[in-house]
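A.B. asks: Construct all of the structure, not just a fragment, from the sequences and the given hints.
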Amino acid sequence: MNSETGSCHLGDASPTARATGRGQISIRNVSKLYDPDGARVLAMDNCSMEIEAGEFCVVVGPSGCGKTTLLNAIAGFHDITAGEIFIDGELLCSPEKKAPPGSDRIVVFQNGALFPWFTVLENVIFGPVVQGGIGKKEAREKAREMLNQMGLHGIESNYPSELSGGMRRRVEIARAMMNDPRVLLLDEPFRAMDALTKTVVQQFLLDLYDKCRKTVFFITHDLEEAIFLGSKVYIMTTRPAKIKTVLQVDIPRPRDFRVLSSSRYMRLKKECIEAVHEEALKAFAAGEREMA
Amino acid sequence: MPQGSGQGFNTVKLKKKIFSRATFRGIAAVVVFAVLWELCSRFQVPIIGNVPPPSSVLKELGQQLANKAYWLSWKDSFIRILTGFIVAQILGIPLGLLLGVNQTARELIYPVFEIMRPVPPLAWVPIAVIFWPTNELSMIFVTFLGAFFTVVLNIIGGARSIDARYLRAAYSLGSTRGDIFWKIMVPATLPSIVVGMTVGMGITWAVVVAAEMIASRSGLGFLTWQSYVAGDYPMIIIGMMSIGVAGYLSSALIRLIGSRMTPWLRSF
Amino acid sequence: MTAVQPALASLASQMVVDGVSKGFGLGILHQQVLHDCSFGLERGKLSVMIGPSGCGKTTLINLLAGYESPDSGQILLDGKPISGQGPDRLVVFQETALFPWMTTFENVSYGPRVQRKLSRQVYEEETMKLLELVGLKDFKDKYPSQLSGGMQRRAELVRAMINQPKIMLMDEPFRGLDAMTRALMQEYYVRLFEQHRGTNLFVTTELEEALFLADRLLILTNRPAHVKKVIEVGLPRPREFSMLTSREYQVCKQEALELLHEEAIKSFAAGVVNAADFLEAYSRMGNDQAVPAPKGKDTPEPGNRELSS
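Residue numbers (numbering that gives the first Met the number 0), protein chains in the order written: chain A, 0 to 291; chain B, 0 to 267; chain C, 0 to 308.
In short, the hints are calculated from the structure, not lab data. Careful: at least some of the hints might be erroneous.
DSS-like cross-link-like pairs, simulated, lysine-lysine; straight-line CA separation at most 25 Å [claimed, not checked]:
hint, chain 1, residue 1, chain 2, residue 2
1, A, 241, A, 281
2, A, 210, A, 241
3, A, 96, A, 241
4, A, 231, A, 269
5, B, 182, C, 116
6, C, 128, B, 182
7, A, 269, A, 281
8, C, 128, C, 165
9, A, 281, C, 141
10, C, 252, C, 227
11, C, 116, C, 165
12, A, 268, A, 231
13, A, 268, A, 281
14, A, 243, A, 268
15, A, 241, A, 97
16, C, 165, C, 141
17, A, 281, C, 128
18, C, 252, A, 268
19, C, 227, A, 281
20, C, 228, B, 182
21, B, 182, C, 227
22, A, 241, A, 231
23, C, 252, A, 269
24, A, 96, A, 141
25, B, 58, B, 74
26, A, 281, C, 139
27, A, 281, A, 243
28, C, 265, C, 228
29, C, 252, C, 265
30, C, 139, B, 182
31, C, 128, C, 139
32, A, 241, A, 268
C.D. replies: Take a look at the structure:
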């Protein structure tokens, strides 16, 4: 945990500032075989990805296709049965070695995980304080500064239950960022939100990314969201998950909702919609229950 | 290739369970426990050393298993259990459903029910012995009470917490009141009936064992108590173990019946 | 109670809601959900109701289905007031209401089975036909817990449809499905509608979904709710997703967005917590609108204005 840099370099002037080479991920020939009670299920089949430091990488696929497997492997929640994952040149995960969970690969989950008994400020400073790298007073100041820069001022003393859904999600992302992770992992974070609130938090994430340029590993089932947010989009098949298509999203940053009506976006969307539609139909017809 | 799931008996699953690490650890733990127990007895460790050691228990067990009287004890206890339990279900399930579904009935009957319920079944033994013509009937009555209150309460709880969505959907689709009762309320309440039966069976065993100690001349509870009176200490352990096994078998049977009654709750 | 407007009284409206009000709770806990709400559901059309979350759409569905009665006003079906629930007005709920203890087949055939109007052979045949239509023939003996979300929704759709209800009421039925399944279900549903042309009311919070499906869009205000405006959606049928780039679509969308934005402002001012998000979203979409600052304990408030909690 890189505590010397403290909070994210939100103050960097240039919008194209890249992180200092941290957060480069190599995923090579990774497969995952589940064996619950004798039923051998291949969740992921020989997937490889090269994620550059500071890249916004999105993985799209139908529900239950196994895309969360990759995120879990990087985060350290599960192991893999074949292949290797490297981060910044070091071996993170292999069949023999399970990655330890850590705040350098912090996860934002689908369902809100803000501590309801802490205020916003106490929630945000939780990680750094618990890890012992920083004093409470210093942490509070840094947190206030960070929240300010993210446009989340004025709510530090509120409890999560007093905030709107969109606000809570943003605080959660702020809390994650406070740990200065090498990579920010997001597991279908906006799935449970209605379309309107989603747009607000998506914009927040985009603005944050522009300032910080952290490596982002984002999982979603929504192709539109993937193209809107990502620099590189990996489209997965239904289980066993394989990479069907890789899309370079050449829409310039900073982006906002007007991108959604641009011709470039439409073209990209059209390009993938065939591939995605086919996989969705397969999942629809097979009626696969989602894997836990 | 993914194997089939939930249809028929999955032998792979069973094999995995039997030969798993958890099973070996469990067996090892039991063996260690038995060995320690034996050693405590041999070395006359205070308090624990007074308990008859596994060696003498096993010796006695070998004799008992060939003894007809021992198995008669099983039979006598089981008959009381099953009779009490089955009557409890026959009377309790309809009563539970009635109280769960009908507000008038609930307002009339429930208060009386609530006054009687807190009295532990064992406290009923003296009055039961007085009122029932035979001791046997009085014991069956007491075991009946244990299971009866449990099943009625569980059903009332289940019936009253049926999700309104199902009722609304059923009414909209044109159900009569009879349809609602038989096609919606009864199946929706089945899981709580199963819970009531499972818990009830456990209570029944607890009750019958104690009742036999007080008021009977046969059965596993009596056997255990008699061994104490006669000073046959290994038999006490055997009595206890027998009660444990019998209770476990009964619960397993109920669980099996329960899962057959509610096929939609099985994990697929 | 308002006088029934000419549009509502026309024969085109199969179902008429006239001056309906509904509130819940007593004393200080009283919530007036609907006030003087009037609109009509046109025969053979897909009307879509959209409004801010929690504004009373579900209450309206409950009133139309007959699960609850209005405090004042009336609801007419084919000119006659409705009384309670019945198979002429069926609802597909947000959360599945398939009976968990019955198989798919038993669920779908439930309506005809309890109504006892058709012979067993007839309705069983009809059940198989409908199951085949929605691709669930191979799952007819499965329990709902064995079906995926999309399949459960399809089963519920045909469970309602087999009864040939006069009115189909859909209460955010695709909520919670993932984006791809949702798109497929929208397509499924709109094709079914276009084949059968019953009178449908579909409730949703998603504007794109609403415009894709609707013949007419009913925009609700926030509480106490009434219909703010009815927008006729002039897109041709059968609907295709490619229509989402057409001019007509953009025009309707813009109009709806402005109206919803107005209501979001009122919601926010009234202190509804989640309204902040909606307002921010609309503000960004609008032109040169200042994005409202988050309303929190540490935000300096001018004067005595109440904080949102």
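A.B. asks: All hints are to be evaluated individually against the structure, with a verdict given for each.
C.D. replies: Evaluated hints:
1. A:241 <-> A:281: Roughly 14 Å separates the two Cα atoms, so the pair holds.
2. A:210 <-> A:241: 33 Å, violated
3. A:96 <-> A:241: Cα-Cα ~23 Å, so holds.
4. A:231 <-> A:269: Holds - the C-alpha atoms of residue 269 (chain A) and residue 231 (chain A) are around 16 Å apart, at most 25 Å.
5. B:182 <-> C:116: Satisfied, since the Cα-Cα distance of roughly 18 Å is no more than 25 Å.
6. C:128 <-> B:182: 24 Å, holds
7. A:269 <-> A:281: 19 Å, holds
8. C:128 <-> C:165: Holds, at roughly 20 Å.
9. A:281 <-> C:141: At roughly 19 Å apart (the allowed maximum being 25 Å), residue 141 (chain C) and residue 281 (chain A) satisfy the hint.
10. C:252 <-> C:227: 15 Å, holds
11. C:116 <-> C:165: Holds, because 17 Å separates the two Cα atoms, which is no more than 25 Å.
12. A:268 <-> A:231: 13 Å, holds
13. A:268 <-> A:281: Within the cut-off at roughly 20 Å; holds.
14. A:243 <-> A:268: Since the Cα atoms of residue 243 (chain A) and residue 268 (chain A) sit roughly 15 Å apart, the hinted pair holds (cutoff 25 Å).
15. A:241 <-> A:97: Roughly 22 Å between the alpha carbons, so the hint for residue 241 (chain A) and residue 97 (chain A) holds.
16. C:165 <-> C:141: 29 Å, violated
17. A:281 <-> C:128: Answer holds: residue 281 (chain A) to residue 128 (chain C) is near 22 Å, not above 25 Å.
18. C:252 <-> A:268: With a Cα-Cα distance of about 20 Å, the restraint between residue 252 (chain C) and residue 268 (chain A) holds, given a limit of 25 Å.
19. C:227 <-> A:281: With a Cα-Cα distance of about 41 Å, the restraint between residue 227 (chain C) and residue 281 (chain A) is violated, given a limit of 25 Å.
20. C:228 <-> B:182: 43 Å, violated
21. B:182 <-> C:227: Distance of about 42 Å is beyond 25 Å: violated.
22. A:241 <-> A:231: 16 Å, holds
23. C:252 <-> A:269: 22 Å, holds
24. A:96 <-> A:141: Distance of about 35 Å is beyond 25 Å: violated.
25. B:58 <-> B:74: The hint holds at about 23 Å.
26. A:281 <-> C:139: 19 Å, holds
27. A:281 <-> A:243: 14 Å, holds
28. C:265 <-> C:228: 16 Å, holds
29. C:252 <-> C:265: 20 Å, holds
30. C:139 <-> B:182: Cα-Cα ~18 Å, so holds.
31. C:128 <-> C:139: 11 Å, holds
32. A:241 <-> A:268: OK: residue 241 (chain A) and residue 268 (chain A) at ~20 Å, within 25 Å.
Of the hints listed earlier, those the structure fails to meet are numbers 2, 16, 19, 20, 21 and 24, in rising order.
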